[in-house]
Structure formats: C-alpha cells, structure tokens
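In the order they appear, the protein sequences are chains P and W.
The first sequence stops at residue 495 when you use this note's numbering, and every number in between is there.
The second sequence stops at residue 650 when you use this note's numbering, and every number in between is there.
Some hints here could point you the wrong way.
[Stated by the list, open to error] With a cut-off of at most 25 Å between alpha-carbon atoms, the simulated DMTMM-like pairs for lysine to aspartate or glutamate come out as follows:
{"no.": "1", "chain 1": "P", "residue 1": "475", "chain 2": "W", "residue 2": "517"}
{"no.": "2", "chain 1": "W", "residue 1": "508", "chain 2": "W", "residue 2": "525"}
{"no.": "3", "chain 1": "W", "residue 1": "612", "chain 2": "P", "residue 2": "465"}
{"no.": "4", "chain 1": "P", "residue 1": "317", "chain 2": "W", "residue 2": "609"}
{"no.": "5", "chain 1": "P", "residue 1": "411", "chain 2": "W", "residue 2": "603"}
Keep in mind that the hints were calculated from the coordinates and are not lab data.
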Amino acid sequence: MAAPDPNKPSRRSVRFVDTTLRDAHQSLWATRMTTAMMLPVCERLNRIGYACVDFMGLIHFDVCVRYLKEDHWERIRLVRERITDVPLKSWLRSNSLLGFDVLPEDVNALWVERLAANGIGIVCAFDALADLDNIVPNLQLARRLGVKTCGGLVFCESPVHTDAFFAAKAKELVRRAGVDWIMIKDSGGLLGIDRVRTLIPAIRAAVGDTPIELHSHCLTGLAPAVYHEGVKLGVDLVDTSIAPLANGPAQPATQTMVANLRALGFDAALDMEAIEEVGEHFRRVAEQEGKPLGVPMAYDAFHYEHQLPGGMLTNLKYQLETAGLQDRFDEVLAECARIRRELAWPIMVTPFSQLVGTQAVFNVVNGERYKVVPDEVKKYVLGYYGKPLAAVDPEVLDRVVSNGSARIAMKPAAPGPAVDALRRKYPGASDEERLLRFCFAGNQVDEMRAAGPIRTIYGFEQPLERLLRELVRRKSWHYVRLQDRGVDITLRAGN
Amino acid sequence: MELTHDDVRQILKIIDDAAHLEELELVHGDFRLHVRRHGAVERAMASAAPVPGPAQAAARAAQAKTAAAPVPGGMVAIRAPMLGTFYRAPSPGEKPFVEVGQKVKAGETVCLIEVMKLFNSINAGVDGTIAQILADNAALVEYNQVLILIEPEQK
Numbered sequence: 001m002a003a004p005d006p007n008k009p010s011r012r013s014v015r016f017v018d019t020t021l022r023d024a025h026q027s028l029w030a031t032r033m034t035t036a037m038m039l040p041v042c043e044r045l046n047r048i049g050y051a052c053v054d055f056m057g058l059i060h061f062d063v064c065v066r067y068l069k070e071d072h073w074e075r076i077r078l079v080r081e082r083i084t085d086v087p088l089k090s091w092l093r094s095n096s097l098l099g100f101d102v103l104p105e106d107v108n109a110l111w112v113e114r115l116a117a118n119g120i121g122i123v124c125a126f127d128a129l130a131d132l133d134n135i136v137p138n139l140q141l142a143r144r145l146g147v148k149t150c151g152g153l154v155f156c157e158s159p160v161h162t163d164a165f166f167a168a169k170a171k172e173l174v175r176r177a178g179v180d181w182i183m184i185k186d187s188g189g190l191l192g193i194d195r196v197r198t199l200i201p202a203i204r205a206a207v208g209d210t211p212i213e214l215h216s217h218c219l220t221g222l223a224p225a226v227y228h229e230g231v232k233l234g235v236d237l238v239d240t241s242i243a244p245l246a247n248g249p250a251q252p253a254t255q256t257m258v259a260n261l262r263a264l265g266f267d268a269a270l271d272m273e274a275i276e277e278v279g280e281h282f283r284r285v286a287e288q289e290g291k292p293l294g295v296p297m298a299y300d301a302f303h304y305e306h307q308l309p310g311g312m313l314t315n316l317k318y319q320l321e322t323a324g325l326q327d328r329f330d331e332v333l334a335e336c337a338r339i340r341r342e343l344a345w346p347i348m349v350t351p352f353s354q355l356v357g358t359q360a361v362f363n364v365v366n367g368e369r370y371k372v373v374p375d376e377v378k379k380y381v382l383g384y385y386g387k388p389l390a391a392v393d394p395e396v397l398d399r400v401v402s403n404g405s406a407r408i409a410m411k412p413a414a415p416g417p418a419v420d421a422l423r424r425k426y427p428g429a430s431d432e433e434r435l436l437r438f439c440f441a442g443n444q445v446d447e448m449r450a451a452g453p454i455r456t457i458y459g460f461e462q463p464l465e466r467l468l469r470e471l472v473r474r475k476s477w478h479y480v481r482l483q484d485r486g487v488d489i490t491l492r493a494g495n
Numbered sequence: 496m497e498l499t500h501d502d503v504r505q506i507l508k509i510i511d512d513a514a515h516l517e518e519l520e521l522v523h524g525d526f527r528l529h530v531r532r533h534g535a536v537e538r539a540m541a542s543a544a545p546v547p548g549p550a551q552a553a554a555r556a557a558q559a560k561t562a563a564a565p566v567p568g569g570m571v572a573i574r575a576p577m578l579g580t581f582y583r584a585p586s587p588g589e590k591p592f593v594e595v596g597q598k599v600k601a602g603e604t605v606c607l608i609e610v611m612k613l614f615n616s617i618n619a620g621v622d623g624t625i626a627q628i629l630a631d632n633a634a635l636v637e638y639n640q641v642l643i644l645i646e647p648e649q650k
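Please model the entire structure based on the sequences and the hints provided.
Pasting the structure below:
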C-alpha cells in the first residue's frame with residue numbers, strides 16, 4: 001500500500017474544543033471575564049457542537065477569588081447548569097494546584113474529587129518538566145471518578161525537546177494514565193509548520209488511536225496555518241476561540257478555522273449561527289467594558305529566539321524601567337537564553353518563565369551572575385518541582401546552591417497529608433470552602449464572601465445611561481446637567 | 496456624532512482626575528456635560544484636566560536613584576536587589592527573621608523580597624548586629640533602596 005498522502009487525508013472529520021471562556025480572556029483580558037458575562041451565551045455554547053468547552057485554567061481560580069470576588073466553585077456550578085451536554089474542562093498544573101510548590105497528595109485528590117462533583121467533565125493535566133510522576137496519580141483518580149482525562153505535553157524548541165522525547169512522553173501518558181486524549185500544548189505559540197510535520201507523525205506512531213488535540217497561540221500569526229497542517233497530518237481536535245475574542249495572543253478563530261478546514265474537505269459540524277451570536281455578545285461586552293479584541297499579529301521571528309510569553313516581556317521591561325535600566329533590555333533577553341541553557345532547558349511557562357526571567361534581571365542588574373538567587377531557582381535545581389530535563393551546568397549548580405537561601409534543604413521532602421487538619425480547623429465548612437481556605441492566605445476568602453453571591457445578570461446600557469449612572473455612583477458631584485441631541489437631564493442633590 | 500462607551504470612559508477619567516476642582520463643563524458638538532461639586536455656589540469655570548506626564552519612566556528612574564540614600568559611616572546596608580515587596584518574616588503570622596539589636600551571621604536570612612511572584616531570601620552578608628530596619632513589612636520597595644542597616648562585628 002502506498003504511503004498516505006497528507007494532502008488527501010482519509011479521515012474527514014475534525015472536532016473543536018472551545019477556549020472562549022478560558023484562554024481567550026486569559027490571553028486578551030488578563031482573565032477578567034466575569035461569570036455574568038459568560039452566562040448569557042452558555043446555552044448557545046452547549047449546542048454549537050463542541051467536543052469540549054475549556055473552562056477553568058489555574059489562574060482562573062486565583063483571579064476569581066482575588067480580583068473578581070467570585071467563588072470559583074459556584075462559577076463551575078452556574079455554568080454547568082447551562083452547559084449540560086458538553087464536558088467542561090479544568091486544568092491541573094503539575095501537582096501544585098494554584099502555586100508553584102508541590103502540595104500534599106490528599107489535597108490534590110480532594111481538589112480533583114470536588115472538580116468532578118461540581119460538574120467538571122474533563123481534567124487536563126500537564127507538567128512543564130514532563131515529569132509524569134507529578135500528574136499521573138491525579139489523572140488516574142479523575143478516571144476512577146468517571147471524568148475524562150487529557151494528558152498535556154507542553155511544547156517548546158530546545159535540544160532536549162525532540163520529537164522522540166514528546167513521543168515517548170505521550171506513550172507513557174497513555175500507558176500509565178490511560179488518558180482519553182493527548183494534547184500538544186503550545187502555550188508559547190512556538191510551534192512552526194516544519195516542526196508540526198515531524199512532531200504529529202511521531203506522536204501518532206507512539207499513541208496509536210488515542211486522539212491528538214492541538215493547542216497553540218497566534219503570537220506570530222502562524223497558529224492557524226499550524227492547525228491546518230496538523231489536521232492534515234492526523235490531529236483530531238483543535239482548540240479555537242470565537243472571534244473577536246480570538247487571534248492576537250489567543251487561539252485561532254473558530255470561524256476562520258471551520259472555513260479553512262471545510263475548504264480542505266473536512267466535516268466541521270458546528271452551528272455557525274450560534275457561533276456568530278456568541279461572538280457578537282463578547283464584542284458588545286468588550287465595547288462596554290473597554291476591553292481589547294483579538295487582532296491578528298504579524299510574523300515575528302525574534303519571538304522564537306527569546307520564547308518569552310507576552311506578559312513576561314511587559315513585566316521585565318517594567319522591572320528594568322523602575323531601576324532606570326531600560327537600556328539593558330536586550331542584555332536581559334540574551335541572559336534569559338543563556339540561563340535556559342545552563343538550567344537544562346526549562347520551558348518558558350509558569351513557573352519556569354518567572355524563574356528564568358527574574359534570574360536574568362538579577363544577573364544583569366547586580367553585575368555578578370547568580371549572586372542573588374530566588375528561592376524558587378534553588379528549589380528547581382534541587383528537584384523540588386520534578387526532575388530537570390537534563391543536567392544543570394555544574395558550575396551554575398554550585399553557585400545557585402551556595403548563594404541561594406540556606407533555609408532550603410538539599411533534598412525535597414514530600415509534604416505530609418493536610419486534609420484531616422483542614423477538616424478539624426474548619427469543622428462547619430464544606431470541602432470546597434476548606435480548599436479555598438487552604439489555597440488563599442489571609443482574609444482573601446472572607447473578602448470574597450463579603451462581596452455576596454456571584455452576579456448572574458449582565459446588562460448592556462447605552463453610553464449616556466452608563467455615564468449618568470457612573471456620575472451618580474460617585475456621589476461627589478452635587479449638580480449634574482447632561483445634554484445630548486434632545487436629551488436634557490439635570491440632577492441636583494438635596495442639602 | 497454619537498457618544499460611545501469609549502467616550503464615556505474618557506469623560507469619567509477626566510472627571511476623576513478633577514478631584515481638586517469645584518466645577519467642570521465639557522462641550523463637544525451637541526454633547527454638553529456640566530458638573531458642580533456643591534449645589535449652589537459661585538461659578539468658577541474649570542480649567543482643563545491635567546494631562547498625565549509622558550515621562551513617567553524617567554520619573555521612576557529618578558526615584559530609583561534617590562532611593563540610594565547615604566549610609567551612616569561604619570554601617571553595612573542591605574539593599575533591595577530589585578523593585579519588589581519587602582517581607583520581614585518567612586510567612587504571615589510567623590516571627591520576623593531579625594529584630595533590631597539581634598546578632599546575625601553573614602549567611603543568615605534577614606528578609607525576603609518578592610519579585611515577580613518569586614521569593615528572594617536576602618542574606619546579612621556580614622557578621623554583625625541589626626542596627627536599623629528601614630522598610631515596613633509588606634511595603635513596596637524600590638530597586639537599591641536601603642532596607643536594613645547592620646553594624647559589622649569588629650574583627
């Protein structure tokens with residue numbers, strides 16, 4: 001039999017995972033989409049024909065509680081009441097939940113159990129060091145609870161991140177965790193067309209019939225073409241978001257992707273009318289709230305060199321600016337590349353992008369490399385976050401160990417169980433609340449509770465209406481007169 | 496010309512920047528907004544709201560330089576390695592690493608600086624006695640700001 005022609009795929013259908021409620025606003029709106037903004041479109045998302053609705057990343061839990069003052073468990077339940085037929089996805093990063101440190105096994109287990117109980121239908125776990133020991137137990141537990149599982153492989157370019165490396169990890173995920181899907185998670189938007197042509201066949205050969213999902217970001221404008229090529233080579237599911245909350249730093253637009261894949265001869269059975277309605281809703285929300293829409297980005301070759309996520313670049317610039325050292329930005333980027341090499345090629349995603357970026361700033365600013373060492377960098381080289389992918393440069397290892405905090409033990413100790421203590425400490429609380437208390441220090445949970453239940457109604461107003469309401473809300477102006485084309489309103493406060 | 500949500504945001508920004516003004520009147524085409532802080536007072540026409548300076552970066556850089564205040568003779572200064580948050584204890588509720596008058600060894604942690612969500616343990620650098628703690632717990636500190644003064648041990 002002749003080799004299959006990638007331009008004439010035998011398989012004719014491709015499925016879509018929607019990221020509008022998760023990555024689109026994480027990438028474009030700093031994760032600030034409220035539950036009230038989501039609820040009006042949930043019923044439409046339910047019937048569009050998605051394989052899955054991506055919903056809760058790790059940062060979403062954090063932003064819900066700290067900034068939006070929303071109980072994320074309640075958010076999950078409210079959305080699940082409306083998206084009943086499509087599994088909602090929640091993410092697990094390593095075994096550290098919302099932070100960087102390894103957390104007790106029983107806390108991880110309770111978290112997964114509560115995700116399932118509150119309506120999460122698929123759990124996707126990844127470990128940026130691809131140390132699968134960190135994620136296999138959680139994936140196995142999710143499976144036992146009847147939740148679908150997805151094993152994420154975070155992509156980057158480096159001498160250790162070869163096709164063979166990813167293929168072996170994919171195979172191990174299928175063998176050890178029995179995952180339903182394998183995802184290539186290109187958080188940094190680094191996957192190019194040449195690489196996808198070798199990577200997808202390598203993973204396919206390793207995982208047999210297990211579906212492969214492709215997730216990327218349009219940071220250099222290439223992701224739509226990478227998806228297009230990936231689907232030709234056998235990718236089963238693609239992650240897209242609904243324009244105008246697509247492109248830019250977010251995922252490729254569902255609308256364009258459907259058109260492109262249909263032109264290629266694929267079935268993409270999605271309700272395009274409902275998709276347009278969802279897009280229109282978020283366009284109006286963006287307009288009212290002053291939030292940006294996704295704009296396609298131009299090709300940027302430099303992105304592949306520094307591999308830094310967009311948020312990190314802005315942060316580094318700011319740090320240097322405050323020290324009056326903005327002219328040394330290029331030096332810091334070059335230092336990032338050098339540190340990555342010395343620290344055995346960590347992928348530039350949380351928490352490793354912060355580790356590399358911060359160490360680079362210290363190295364440049366202090367004039368002596370590894371003189372100041374963040375605690376997390378020392379923990380990383382000592383294996384606190386999992387086994388580094390290769391040997392750390394021995395000289396650098398010495399400097400990090402001797403200049404880093406003496407309070408960090410040379411060998412990481414597995415944290416002991418914590419759930420029983422939590423139950424004793426908060427006897428009247430639900431397990432959901434106990435997990436909140438465990439994850440958020442100080443009075444953050446109380447402040448969230450004080451803000452009351454989640455708002456479930458999102459109203460659109462005319463600009464004039466909003467101006468008037470905002471002026472009244474400010475209470476500091478006792479006389480307001482507003483005139484505009486036949487409207488003349490005067491408000492006067494009583495004495 | 497129709498008022499847009501973008502216009503509303505800009506108008507509200509002008510209004511909020513005018514906290515020191517008594518009265519403000521804004522006219523653009525058919526649109527006219529007139530606000531007064533008090534109901535019936537003399538008219539004092541508002542001047543334009545202040546425009547935020549474009550040279551914020553330069554101002555911050557200058558600020559960073561002034562952070563490098565003189566250090567009293569004989570003292571060793573512990574400085575912030577980067578803009579960040581200063582913490583005196585390993586975690587909330589725990590005892591501070593050091594207090595004034597306490598003797599420390601060079602390799603001992605005296606405080607933490609949180610930079611970009613990472614915690615940096617700052618060592619004393621010299622054997623000596625804590626003479627002064629100059630930053631408040633959980634305060635934002637500038638690059639190079641003096642945080643702690645240590646009186647080194649006489650050799």
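Going down the list of hints, with the structure as the test:
no., hint, verdict
1, P:475 with W:517, "holds (14 Å)"
2, W:508 with W:525, "holds (20 Å)"
3, W:612 with P:465, "violated (40 Å)"
4, P:317 with W:609, "holds (17 Å)"
5, P:411 with W:603, "holds (20 Å)"
In the structure shown, a violation is registered for the earlier hint numbered 3 alone.
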